[in-house]
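The sequence shown begins at 1 in the UniProt record's numbering and counts up one residue at a time.
There may be inaccurate statements among the hints.
[Claimed, not checked] Here are the computed lysine-lysine pairs in the BS3-like style, where the Cα-Cα straight-line distance is at most 25 Å:
1) 38 - 54
2) 38 - 52
3) 16 - 54
4) 42 - 52
If you are wondering where the hints come from, they were derived from the structure by calculation, not from laboratory data. Model, not experiment: these values are computed from the prediction.
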Amino acid sequence: MNFDEINNELSNPKFKLNIASLLINIHSTNLINSYYLKSILKRQIEILELQKGKTGQELETSIELEIERLDDLFSEWLKEDLINVINDSSTE
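Please model the complete structure; the sequences and the hints are all you need to start from.
Set out below in C-alpha coordinates:
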(Lines of atoms letter the chains of each structure in order from A and count residues from 1; the text may use other names and numbers.)
(Lines give C-alpha, C1' and ligand atoms only; values in the text may rest on other atoms or scores of the structure.)
Protein backbone atom coordinates (compact mmCIF):
# COMPACT_ATOMS: atom_id res chain seq x y z
CA MET A 1 0.00 0.00 0.00
CA ASN A 2 1.16 3.50 -0.69
CA PHE A 3 0.32 6.58 1.39
CA ASP A 4 -2.74 7.57 -0.67
CA GLU A 5 -4.21 4.06 -0.44
CA ILE A 6 -3.69 3.99 3.33
CA ASN A 7 -5.20 7.45 3.68
CA ASN A 8 -8.26 6.36 1.69
CA GLU A 9 -8.63 3.17 3.76
CA LEU A 10 -8.74 5.15 7.02
CA SER A 11 -12.25 6.27 6.08
CA ASN A 12 -13.31 2.67 5.47
CA PRO A 13 -15.05 1.27 8.60
CA LYS A 14 -13.91 -2.28 7.67
CA PHE A 15 -10.25 -1.27 7.69
CA LYS A 16 -8.66 -2.68 10.86
CA LEU A 17 -5.57 -1.13 12.38
CA ASN A 18 -4.05 -2.15 15.70
CA ILE A 19 -3.35 1.33 17.09
CA ALA A 20 -1.68 0.06 20.28
CA SER A 21 0.76 -2.09 18.32
CA LEU A 22 1.45 0.73 15.89
CA LEU A 23 2.14 3.21 18.71
CA ILE A 24 4.44 0.78 20.55
CA ASN A 25 6.34 0.10 17.33
CA ILE A 26 6.75 3.80 16.58
CA HIS A 27 7.75 4.58 20.15
CA SER A 28 10.33 1.78 20.35
CA THR A 29 11.86 2.87 17.05
CA ASN A 30 12.01 6.46 18.29
CA LEU A 31 13.69 5.35 21.52
CA ILE A 32 16.34 3.31 19.71
CA ASN A 33 17.02 6.23 17.37
CA SER A 34 17.23 8.53 20.38
CA TYR A 35 19.82 6.27 22.05
CA TYR A 36 21.95 6.20 18.91
CA LEU A 37 21.72 9.95 18.43
CA LYS A 38 22.56 10.70 22.08
CA SER A 39 25.62 8.47 21.88
CA ILE A 40 26.79 10.04 18.64
CA LEU A 41 26.18 13.57 19.92
CA LYS A 42 28.03 12.91 23.19
CA ARG A 43 31.00 11.44 21.31
CA GLN A 44 31.12 14.41 18.90
CA ILE A 45 31.07 16.90 21.77
CA GLU A 46 33.76 14.89 23.55
CA ILE A 47 35.97 14.97 20.44
CA LEU A 48 35.47 18.73 20.04
CA GLU A 49 36.36 19.34 23.70
CA LEU A 50 39.41 17.08 23.45
CA GLN A 51 40.59 19.14 20.47
CA LYS A 52 40.46 22.19 22.76
CA GLY A 53 42.88 20.42 25.11
CA LYS A 54 40.42 19.62 27.90
CA THR A 55 40.88 16.48 29.96
CA GLY A 56 39.40 14.80 33.01
CA GLN A 57 36.71 16.58 35.03
CA GLU A 58 36.91 19.70 32.85
CA LEU A 59 36.00 17.54 29.83
CA GLU A 60 33.05 15.88 31.63
CA THR A 61 31.71 19.23 32.82
CA SER A 62 31.93 20.74 29.33
CA ILE A 63 30.13 17.76 27.81
CA GLU A 64 27.33 17.85 30.40
CA LEU A 65 26.82 21.60 29.96
CA GLU A 66 26.68 21.32 26.17
CA ILE A 67 24.22 18.42 26.29
CA GLU A 68 22.00 20.35 28.73
CA ARG A 69 22.11 23.39 26.44
CA LEU A 70 21.15 21.26 23.44
CA ASP A 71 18.35 19.53 25.42
CA ASP A 72 16.88 22.93 26.23
CA LEU A 73 17.13 24.01 22.60
CA PHE A 74 15.58 20.76 21.33
CA SER A 75 12.76 21.01 23.89
CA GLU A 76 11.84 24.43 22.53
CA TRP A 77 11.91 23.09 18.98
CA LEU A 78 9.72 20.16 20.04
CA LYS A 79 7.13 22.47 21.59
CA GLU A 80 6.95 24.53 18.40
CA ASP A 81 6.76 21.45 16.19
CA LEU A 82 4.05 19.80 18.30
CA ILE A 83 1.96 22.96 18.13
CA ASN A 84 2.36 22.95 14.35
CA VAL A 85 1.43 19.25 14.12
CA ILE A 86 -1.70 19.78 16.20
CA ASN A 87 -2.68 22.85 14.18
CA ASP A 88 -2.10 21.02 10.90
CA SER A 89 -4.07 17.97 12.12
CA SER A 90 -7.04 19.92 13.44
CA THR A 91 -10.34 19.00 11.84
CA GLU A 92 -11.65 22.55 12.09
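Report task. Starting from residue 38, check that the Cα of residue 54 is at most 25 Å away, please. Result -> OK: residue 38 and residue 54 at ~21 Å, within 25 Å.
Query raised in the report: Would the pair residue 16 and residue 54 pass a check requiring their Cα atoms to be no farther apart than 25 Å?
Result: Measuring from Cα to Cα gives roughly 57 Å; hence the hint is violated.
**Report entry** Proposed proximity, residue 52 with residue 38 (alpha carbon, max 25 Å)
**Finding:** holds, 21 Å
Query raised in the report: Keeping to a limit of 25 Å between CA atoms, is the pair of residue 42 and residue 52 held or broken?
Result: holds, 16 Å
Going through the hint list in order, the structure does not satisfy hint 3, though it satisfies all others.
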